[in-house]
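Trainee: Since the structure of chain A is provided, determine the placement of chain B on it from the hints.
Residue numbers (full-length UniProt numbering), protein chains in the order written: chain A, 1 to 83; chain B, 1 to 83.
Hints are computed from structural coordinates only; laboratory data are not their basis. Take the hints with a grain of salt, since some may be wrong.
Stated by the list, open to error - The calculated BS3-like cross-link candidates involving lysine-lysine, where the alpha carbons are at most 30 Å apart (straight line), are:
#	chain 1	residue 1	chain 2	residue 2
1	B	Lys28	A	Lys65
2	B	Lys21	B	Lys2
3	A	Lys65	B	Lys21
4	B	Lys42	B	Lys13
5	A	Lys42	B	Lys66
6	B	Lys21	B	Lys42
7	A	Lys66	B	Lys2
8	A	Lys12	B	Lys28
9	B	Lys13	A	Lys65
10	A	Lys42	B	Lys65
11	B	Lys2	A	Lys12
12	B	Lys66	A	Lys12
13	B	Lys65	A	Lys66
14	B	Lys66	A	Lys66
15	A	Lys42	A	Lys12
16	B	Lys28	A	Lys21
17	A	Lys21	A	Lys2
18	A	Lys42	B	Lys2
19	B	Lys12	A	Lys2
20	B	Lys65	A	Lys12
21	A	Lys66	A	Lys21
22	B	Lys13	A	Lys2
23	B	Lys66	A	Lys21
24	A	Lys13	B	Lys66
25	B	Lys28	B	Lys65
26	A	Lys12	B	Lys42
27	B	Lys42	A	Lys13
28	B	Lys66	B	Lys28
29	A	Lys28	B	Lys21
30	B	Lys65	A	Lys13
31	B	Lys2	B	Lys13
32	A	Lys66	B	Lys42
What you are looking at is a predicted structure, and each value in this text was computed from that prediction instead of being measured.
Chain by chain, the residues:
Protein chains: 2
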Amino acid sequence: MKFQAEIDVMPKKEILDPQGKAVSGSMKNLDLSEITHVRIGKHISLEVEADNEAAAHEKVEQACKKLLANLIMESYTFNLHQA
Amino acid sequence: MKFQAEIDVMPKKEILDPQGKAVSGSMKNLDLSEITHVRIGKHISLEVEADNEAAAHEKVEQACKKLLANLIMESYTFNLHQA
Numbered sequence: 001m002k003f004q005a006e007i008d009v010m011p012k013k014e015i016l017d018p019q020g021k022a023v024s025g026s027m028k029n030l031d032l033s034e035i036t037h038v039r040i041g042k043h044i045s046l047e048v049e050a051d052n053e054a055a056a057h058e059k060v061e062q063a064c065k066k067l068l069a070n071l072i073m074e075s076y077t078f079n080l081h082q083a
Numbered sequence: 001m002k003f004q005a006e007i008d009v010m011p012k013k014e015i016l017d018p019q020g021k022a023v024s025g026s027m028k029n030l031d032l033s034e035i036t037h038v039r040i041g042k043h044i045s046l047e048v049e050a051d052n053e054a055a056a057h058e059k060v061e062q063a064c065k066k067l068l069a070n071l072i073m074e075s076y077t078f079n080l081h082q083a
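If we strip away everything but chain A, and leave its shape as in the complex, we get:
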């Protein structure tokens, strides 16, 4: 079975996010000062071939831990659905 995973990798709350800070600042110059607390991370979409949803879940966990997220600075969340 094929599953589609949608993963968000975000900088941890305690970690400064300079890119997000810069964007927050730019919002003021664009007359969008109502927008604050911008944080920027990665969004990753991928396909997994697995026998069942639990196996697909495990594969995506491994991919996040080994490659996609730097667990010292980032945390990840994802959801899976059948493709």
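Mentor: Below, chain B alone, put in the same frame as chain A:
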């Protein structure tokens, strides 16, 4: 009212995604060859102060169009919920 927006900005389907291609390749070396079609974009979370959800929606649309997404190469989706 305060709203929290979660925005995904992804490279358009027709656009080559070299970062995603590189990650797809690396999956093989990590014994995760079941993972394919990796595409990598940005995930942005932010807060909007607005009178109602429609106004917040409009603000986030503007932010995406003016700053967060390059509409030539990227498309965006987002959802809003009250913070």
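Trainee: Taking the hints in turn, state whether each one holds.
Mentor: Tested hints:
1. B:Lys28 to A:Lys65: Holds. Lys28 (chain B) to Lys65 (chain A) sits at ~15 Å (cutoff 30 Å).
2. B:Lys21 to B:Lys2: violated (38 Å)
3. A:Lys65 to B:Lys21: With a Cα-Cα distance of about 19 Å, the restraint between Lys65 (chain A) and Lys21 (chain B) holds, given a limit of 30 Å.
4. B:Lys42 to B:Lys13: Between Lys42 (chain B) and Lys13 (chain B) the Cα gap is close to 15 Å, so the pair holds against 30 Å.
5. A:Lys42 to B:Lys66: holds (20 Å)
6. B:Lys21 to B:Lys42: Holds - the C-alpha atoms of Lys42 (chain B) and Lys21 (chain B) are around 16 Å apart, at most 30 Å.
7. A:Lys66 to B:Lys2: violated (36 Å)
8. A:Lys12 to B:Lys28: holds (28 Å)
9. B:Lys13 to A:Lys65: With a Cα-Cα distance of about 26 Å, the restraint between Lys13 (chain B) and Lys65 (chain A) holds, given a limit of 30 Å.
10. A:Lys42 to B:Lys65: Given pair Lys42 (chain A), Lys65 (chain B) holds - Cα atoms ~19 Å apart, limit 30 Å.
11. B:Lys2 to A:Lys12: holds (22 Å)
12. B:Lys66 to A:Lys12: holds (26 Å)
13. B:Lys65 to A:Lys66: Not satisfied, since the Cα-Cα distance of roughly 34 Å exceeds 30 Å.
14. B:Lys66 to A:Lys66: violated (35 Å)
15. A:Lys42 to A:Lys12: Measuring from Cα to Cα gives roughly 12 Å; hence the hint holds.
16. B:Lys28 to A:Lys21: violated (36 Å)
17. A:Lys21 to A:Lys2: Given pair Lys21 (chain A), Lys2 (chain A) is violated - Cα atoms ~38 Å apart, limit 30 Å.
18. A:Lys42 to B:Lys2: Given that 30 Å is the threshold and the Cα spacing comes to 24 Å, the pair holds.
19. B:Lys12 to A:Lys2: Roughly 22 Å separates the two Cα atoms, so the pair holds.
20. B:Lys65 to A:Lys12: holds (26 Å)
21. A:Lys66 to A:Lys21: Judged against 30 Å, a Cα distance of about 28 Å means the pair holds.
22. B:Lys13 to A:Lys2: holds (19 Å)
23. B:Lys66 to A:Lys21: Distance of about 17 Å is within 30 Å: holds.
24. A:Lys13 to B:Lys66: Given pair Lys13 (chain A), Lys66 (chain B) holds - Cα atoms ~26 Å apart, limit 30 Å.
25. B:Lys28 to B:Lys65: violated (36 Å)
26. A:Lys12 to B:Lys42: Holds: Lys12 (chain A) and Lys42 (chain B) sit about 15 Å apart, inside 30 Å.
27. B:Lys42 to A:Lys13: holds (17 Å)
28. B:Lys66 to B:Lys28: violated (38 Å)
29. A:Lys28 to B:Lys21: Judged against 30 Å, a Cα distance of about 36 Å means the pair is violated.
30. B:Lys65 to A:Lys13: At roughly 26 Å apart (the allowed maximum being 30 Å), Lys13 (chain A) and Lys65 (chain B) satisfy the hint.
31. B:Lys2 to B:Lys13: Status violated; Cα separation ~33 Å.
32. A:Lys66 to B:Lys42: holds (20 Å)
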